[in-house]
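Turn these sequences into a full structure, and let the hints steer you where they fit.
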Amino acid sequence: MATAAARHILVETQEKCEDLKKQIEAGADFADLAQKHSKCPSGRQGGDLGTFGPGQMVKEFDEVVFSAEVGKVQGPVQTQFGYHLVEVTSRTA
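Numbering (the UniProt record's numbering), first residue to last: 1 to 93.
FYI, nobody ran anything at the bench for these hints, they're computed from the structure. None of these values were measured; they are calculated from a predicted model. Some hints could be false.
Claimed, not checked - Each computed DSSO-like pair below joins lysine-lysine, with the alpha-carbon atoms no more than 30 angstroms apart:
hint	residue 1	residue 2
1	Lys16	Lys39
2	Lys59	Lys36
3	Lys39	Lys21
4	Lys59	Lys22
5	Lys72	Lys36
6	Lys39	Lys22
7	Lys72	Lys39
8	Lys72	Lys16
9	Lys39	Lys59
10	Lys36	Lys21
11	Lys21	Lys72
12	Lys22	Lys36
13	Lys72	Lys59
14	Lys59	Lys21
What the hints assert, rightly or not - Derived DEER-like restraints, expressed as beta-carbon distance ranges:
hint	residue 1	residue 2	range
15	Met1	Thr89	15 to 23 angstroms
16	Gly53	Asp19	26 to 34 angstroms
17	Glu15	Thr92	32 to 40 angstroms
Yeah, the Cβ is synthetic: ideal placement off N, Cα and C, and Gly gets one too.
Structure representation (structure tokens):
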């Protein structure tokens, strides 16, 4: 079964999500921004969600994690929780 490891930053607005993505693209550290801004408890670990399989996360999140390029920040991804920036850190087939 495929597995993936990812980290994310969860915020309330699309605008905040886009602003954080620009900061990351300009060289800001993903983990630092996750600790400062993420509404998810995983923010304390730099947004790290660990390893999981398909179907363990909400559909919109799952689709990105199992299709996106590893190491490239994706988003904003909207779910019922808010807006996410997602970085797949590894994936197995």
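Verification of the supplied hints:
1. With a C-alpha separation of about 12 angstroms, the suggested pairing of Lys16 with Lys39 holds against the 30 angstroms cut-off.
2. Annotation: proposed proximity of Lys59 to Lys36 holds, straight-line Cα distance about 26 angstroms (limit 30 angstroms).
3. Restraint check for Lys39 and Lys21: the C-alpha separation of about 16 angstroms stays at or below 30 angstroms, so the hint holds.
4. As the CA atoms of Lys59 and Lys22 are separated by approximately 25 angstroms, the hinted pair is consistent with the 30 angstroms bound.
5. With a CA separation close to 20 angstroms, the supplied pair Lys72 and Lys36 stays within the 30 angstroms bound.
6. Between the alpha carbons of Lys39 and Lys22 the distance comes to roughly 19 angstroms, so the proposed pair stays at or under 30 angstroms and holds.
7. With a C-alpha separation of about 21 angstroms, the suggested pairing of Lys72 with Lys39 holds against the 30 angstroms cut-off.
8. Between the alpha carbons of Lys72 and Lys16 the distance comes to roughly 19 angstroms, so the proposed pair stays at or under 30 angstroms and holds.
9. Of the supplied pair hints, the one linking Lys39 and Lys59 holds, its CA atoms being roughly 19 angstroms apart against a limit of 30 angstroms.
10. With a C-alpha separation of about 14 angstroms, the suggested pairing of Lys36 with Lys21 holds against the 30 angstroms cut-off.
11. About 11 angstroms separates the Cα atoms of Lys21 and Lys72, which keeps this hinted pair within 30 angstroms; it holds.
12. Proposed proximity of Lys22 and Lys36 is supported: the alpha carbons are some 16 angstroms apart, at most 30 angstroms.
13. Between Lys72 and Lys59 the alpha-carbon distance is near 19 angstroms, which keeps this suggested pair within the 30 angstroms criterion.
14. Under the criterion of a C-alpha separation no larger than 30 angstroms, the hint pairing Lys59 with Lys21 is consistent with the structure, at around 22 angstroms.
15. In this structure, Met1 and Thr89 meet the distance hint of 15 to 23 angstroms, their C-beta atoms being roughly 18 angstroms apart.
16. Take Gly53 and Asp19: their Cβ atoms lie about 32 angstroms apart, and the range 26 to 34 angstroms holds.
17. Against the hinted window of 32 to 40 angstroms, the Cβ-Cβ separation of Glu15 and Thr92 comes to about 35 angstroms, which satisfies the hint.
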